[in-house]
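*Asks:* Residue-level listing of the chains:
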Amino acid sequence: MHIVYPAVVASLLFAVGVYGVLARRNAILVLMSVELMLNAVNLNLVAFDVWWRDRLHGGQVLTLFTIVIAAAEVGLGLAIVLMVYRNRATVDVDALRDLAEDPPPAASPEEAPKVPEGAP
Amino acid sequence: MTGQDLVLLLLGAVAVGAGVLVVTTRQLVHAALWLVVSLGALAGSYLVLTAEFVAWVQVLIYVGAVVVLLLFGIMLTRAPIGASADLDSGNRWAALAVALGTAAVLVTVTVMGFGSARKPVEAGGGSAEALGASVFRTWVLPFEVLSVLLLAALVGAIVLSRTDVGGRAGRDGRAGEEGG
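If you're matching them up, the sequences are chains A and B in order.
Going letter by letter, the first sequence gives residues 0 to 119 in numbering that gives the first Met the number 0.
Going letter by letter, the second sequence gives residues 0 to 179 in numbering that gives the first Met the number 0.
Excised from the complex, chain B in its bound form:
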């Protein structure tokens, strides 16, 4: 076991442990903050795997934007500040069984498939230069499609959030039904 494996395992333990706390904590805001720890540890794992550009994008978008969005959602739904007892539903034990089954199957298949495979990792494969060349040469069409998707999601979120846009359409539809 090299030092890289050791760091990867430690960061993975932090990520999985923080993930378990995300799904088991009784305070909503703490769940969002543990999500930051989990995603940050994953960003560290990307760094160890020499995928530095993906690591910084992970920090910028996930830790910076997505978690802030989730915190805004918690705030806007007027979640209780302290511990709330009813965050888990009644089918928790069934969920635990399904999750344990999923973990058992995936880990067994992975270990059977890649049990002792090892290969040295060389740096430079994940730099911004290499990834930028790939994105804008090979993957430029999916990139553009994705920008259209992001725009559509933006418009959709605005339409869903504004009360006047959807409300007027709904009233017109209902009035049309009544008139017809």
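So that you can see chain A by itself, here it is in the shape it has in the complex:
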């Protein structure tokens, strides 16, 4: 067995997950992309565990732990997404800008007068 094949597959899958996290707008699709990245890491762990013939099976046990953590992460993530949907009626991560800093006044001069109107 060549170790380079599963390693390259895991690298490509990780890159696909990176693209999905950065490019998708729906929060559930972002969660799916995170799952892809986690699975790429799992493939690496299993491949190198088999490759080194670890007597403690550290890689495969860590893969099991990662799967459990991913399940917990998806459960919490979906709870948060559903809470956001209940409050905002959207799961578009581009529209959730409450934590963003205010744009500098030079960048958007036409939006600057709106701020004193909105603030009581």
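Treat each hint with caution, since some may be false.
Unchecked claim - Here are the computed distance ranges between Cβ atoms for each label pair: (1) A:A94 with B:P141: 37 to 45 Å; (2) A:R96 with B:A84: 32 to 40 Å; (3) A:A99 with B:L149: 31 to 39 Å; (4) B:S115 with A:T89: 46 to 54 Å; (5) A:L98 with B:A127: 41 to 49 Å.
Simulated from the structure, these hints should not be mistaken for laboratory data.
In this text, a Cβ means the ideal position worked out from N, Cα and C, and glycines have one as well.
Since the structure of chain A is provided, determine the placement of chain B on it from the hints.
*Replies:* Positioned in the frame of chain A, the structure of chain B alone reads:
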């Protein structure tokens, strides 16, 4: 190239191709179903790598539970059934550049590091017996910590999902602020 390498490469191609469809398809439900294909191909890869117990856990938890959770999420957020045009954000090309850079760096480093390394694989290293002995002898403390983590995540998900639990606490906090 042995038969094992060939099967591994084919399953890897299926996994990566389905992964690309997950991040590019325009229908939300199709993304979840392509995720099933990708994770199933990865489970097949684990089988080829003789990690059979991890493969079955992958099928049970990922394909069985996580994808169903994601489908429930799609359903509960009232996603449109058909194709939706606005699933990709405006920074798609920047994301593509970052992803291509990541892939180039990782593949280059991996090929440079393990370019021609090969070793025969012997069966039996990933059986339930071997893994169970490892989990309950060597890794028993992380296992227990992880069970506590899973319980905490469960409680947290319930607290986040129930409106009465978080709502009452929020009202009390606000009332306390107003009273004080």
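*Asks:* Going back to the hint list, which numbers does this structure go against?
*Replies:* 2
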